[in-house]
Amino acid sequence: MLALSSCFKDHSTEADVAITELVPKGELQEIYRRGQGLPLTIPCPEIEMKGVEKPLTYSWEVNYKEVSKEKDLVYPCNEFGIFPVRLKVTNGETTLFFTSQIDVQYRYRKGIYFLWGDASEAKVGYIDPLQPKEDIDLNSLALNNPKETFKGEPHDLAFYANEKYGYKGFLLAAGKNLYSFSPDEMRFLKPLKLSTDVVGLMGDPNDKLGPFFYNGRFGIMDAVLLSVNNQDYRKVLTPLTKKEFGQEPYLAPRLLYWRKVGEASTDGYLVYDNQNEVLLAKHKKAEVWFKDETKGYELLEMLSLDRSQQMVLYLRSKSDGSIKELKLKPGLYKAGKKYNHDKELTYTGMVPTNVKLAKGSILVAASLRNLIYYTDPEGKDIYGYSIVSEGNYQSSPLLKTPAGQKVVDMKVDKESKYLYVALTDGSKSTIQRIDLENHQVDMEWTDLQVKIVKIALREDNPTNL
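Quick note on my numbering: the sequence shown kicks off at 3 and runs consecutively.
Be aware that one or more of the hints could be misleading.
[Said to hold, decoys possible] Listed next, the in silico DSSO-like pairs over lysine-lysine satisfying Cα-Cα at most 27 Å (straight line):
id	residue 1	residue 2
1	LYS331	LYS286
2	LYS27	LYS90
3	LYS402	LYS430
4	LYS419	LYS329
5	LYS237	LYS287
6	LYS90	LYS73
7	LYS149	LYS125
8	LYS453	LYS416
9	LYS56	LYS27
10	LYS178	LYS149
11	LYS416	LYS112
12	LYS326	LYS293
13	LYS402	LYS135
14	LYS71	LYS27
15	LYS413	LYS430
16	LYS27	LYS67
17	LYS245	LYS284
18	LYS153	LYS192
19	LYS153	LYS430
20	LYS149	LYS195
21	LYS416	LYS331
[Unchecked claim] Quick list of simulated restraints, FRET-style, between CB atoms:
id	residue 1	residue 2	range
22	TYR252	SER229	21 to 27 Å
23	GLU346	TYR108	41 to 47 Å
24	TYR108	GLU380	37 to 43 Å
25	TYR252	LYS331	22 to 28 Å
26	LYS56	GLU150	46 to 52 Å
Treat the hints as calculated values from the structure; they're not laboratory data.
It should be emphasised that the depicted structure is a prediction, and the values quoted were computed from it without experimental measurement.
No residue lacks a Cβ here, since even glycine has one placed at the ideal position from N, Cα and C.
Working from the sequences, and respecting the hints, build out all of it.
Printed below as a string of structure tokens:
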């Protein structure tokens, strides 16, 4: 910040006249940061007037253009970048100059995106953990879609990307609508209207395909072609189950990919057929896996750990509600080549009845730590479980939720550093970030005046920034 003052007296033409001196009592900050599309208010520094009171005039310049003549600057931050700022204050005799910078940060960057709304419309908010003091953006889709409304009860949101080739997408599920966006601008691209509600989305930071689930089926949104199809369901899975069981599959809204460690190419995926009570695998061919273990069970949750080299399934008995844990290695498969190695069931066991894991629990995996985090069915407490322990569940919770709130969603970042927890009391919400080194809340955003439904983490960098 630089403050300069100037005054001028001409003694040769008339008697001395008292000159009012302006003395700065404060400064502008060196730099002001704000998210793109959000208003930034910069107050004028306090100025002391010595001498006869005379009215002050103000002139604010941003990027060398005058933008305001008000005392305090309210700047809309429409364009991102770093811009010089100059404030000129004068009373006609003395002039002060103040300088600073505005860093307008790109709007759609890494961070936490949260879904909220009502029965008729879905909205998406945004939080940047790197800027904890920045105002929370409750409607991040409005900037580049001012005339759009995203109709339907909010269900889910997901990012998917293949950074190696620059493919990426963002999906929003609301009612019977699937909305596709360009995530670098959050610009609405294409809607898909279905006859039934979209019940789940599967984001993937290493793939250009965005799977979505509806009415026991699943489809794929291609981020490059913006095309939608359900060919795997119709041409691969349906013929398999009709041959084996005489009917088409009815899938739980979960899908897990597996890959070679360190590679982006997909070796295969798993889905679960709740109707025929089987685990379906698609790699170079489609198969039913471990059907003796799954008979009589529906899927509670399916999680990927150890860089997708291990999978854990929680199955719920249709007869008595008991929970079974299956742990497996999916193997590696390449078309036209021999197996690297085949699938392997490495653990099966019943979850003890005193463990608060049941229908309604929310489960997530910290893949690089081989840890699973889950809630009780009411979403009041969060527990931890190591898959290495093979059935040794802890009776005490790791974390208790704030009074009156319940967990509605949890996510773990791909580096397994943090657990993000969304809580709500039905009208207001809280998001917590939990450090997985010590299981302490290290950041928290409270009193959000919306009812959060789901959260998603954006972990890829915007292109060309």
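Checked hints:
Restraint check: the Cα-Cα separation between LYS331 and LYS286 comes to about 17 Å, which is no more than 27 Å; the hinted pair holds. Note on LYS27 and LYS90: the hinted pairing holds, with a Cα-Cα distance of about 15 Å set against a maximum of 27 Å. A distance of roughly 18 Å separates the Cα atoms of LYS402 and LYS430; the hinted pair therefore holds under the 27 Å criterion. Between the alpha carbons of LYS419 and LYS329 the distance comes to roughly 23 Å, so the proposed pair stays at or under 27 Å and holds.
Restraint check for LYS237 and LYS287: satisfied, since their Cα atoms lie roughly 12 Å apart, inside the 27 Å limit. For the proposed pair LYS90 and LYS73, the alpha carbon gap of about 10 Å is at most 27 Å, so the pair holds. About 13 Å separates the Cα atoms of LYS149 and LYS125, which keeps this hinted pair within 27 Å; it holds. Proximity of LYS453 to LYS416 is assessed by CA-CA distance (about 26 Å); at most 27 Å being required, the pair is judged to hold.
Restraint check: the Cα-Cα separation between LYS56 and LYS27 comes to about 18 Å, which is no more than 27 Å; the hinted pair holds. Among the hinted pairs, LYS178 with LYS149 is consistent with the structure: their alpha-carbon atoms are about 20 Å apart, no more than 27 Å. Pair hint LYS416 plus LYS112 holds up; C-alpha atoms about 13 Å apart against a cutoff of 27 Å. Our distance criterion of 27 Å between C-alpha atoms is met by LYS326 and LYS293, whose separation comes to about 14 Å.
For the hint pairing LYS402 with LYS135, the CA-to-CA distance comes to about 25 Å; that is within 27 Å, so the pair holds. Distance restraint check for LYS71 and LYS27: the Cα-Cα separation of roughly 20 Å lies within the 27 Å cut-off, and the hinted pair is therefore satisfied. For the suggested pair LYS413 and LYS430, the alpha carbons sit about 19 Å apart, so the restraint of at most 27 Å is met. The suggested pairing of LYS27 with LYS67 holds, with an alpha-carbon distance near 26 Å, which does not exceed 27 Å.
Distance check on the hinted pair: LYS245 and LYS284 sit about 16 Å apart at the alpha-carbon level, within 27 Å; holds. As the CA atoms of LYS153 and LYS192 are separated by approximately 13 Å, the hinted pair is consistent with the 27 Å bound. Taking the CA atoms of LYS153 and LYS430, the gap is about 22 Å. The hint holds against a cut of 27 Å. This hinted pair checks out: LYS149 and LYS195 have alpha carbons roughly 19 Å apart, not beyond 27 Å.
Using a Cα cut-off of 27 Å, the hinted pair LYS416 and LYS331 holds, with the two alpha carbons roughly 20 Å apart. At roughly 25 Å, the beta carbons of TYR252 and SER229 sit within the given window of 21 to 27 Å. Roughly 45 Å separates the CB atoms of GLU346 and TYR108, a value that falls within the hinted 41 to 47 Å. At roughly 39 Å, the beta-carbon separation of TYR108 and GLU380 lies within the given 37 to 43 Å, and the hint holds.
For the pair TYR252 and LYS331, the supplied restraint of 22 to 28 Å holds, since their beta-carbon distance comes to about 27 Å. In this structure the supplied range 46 to 52 Å holds for LYS56 paired with GLU150, their Cβ-Cβ distance being about 51 Å.
Checked against the numbered hints given earlier, the structure satisfies every one of them.
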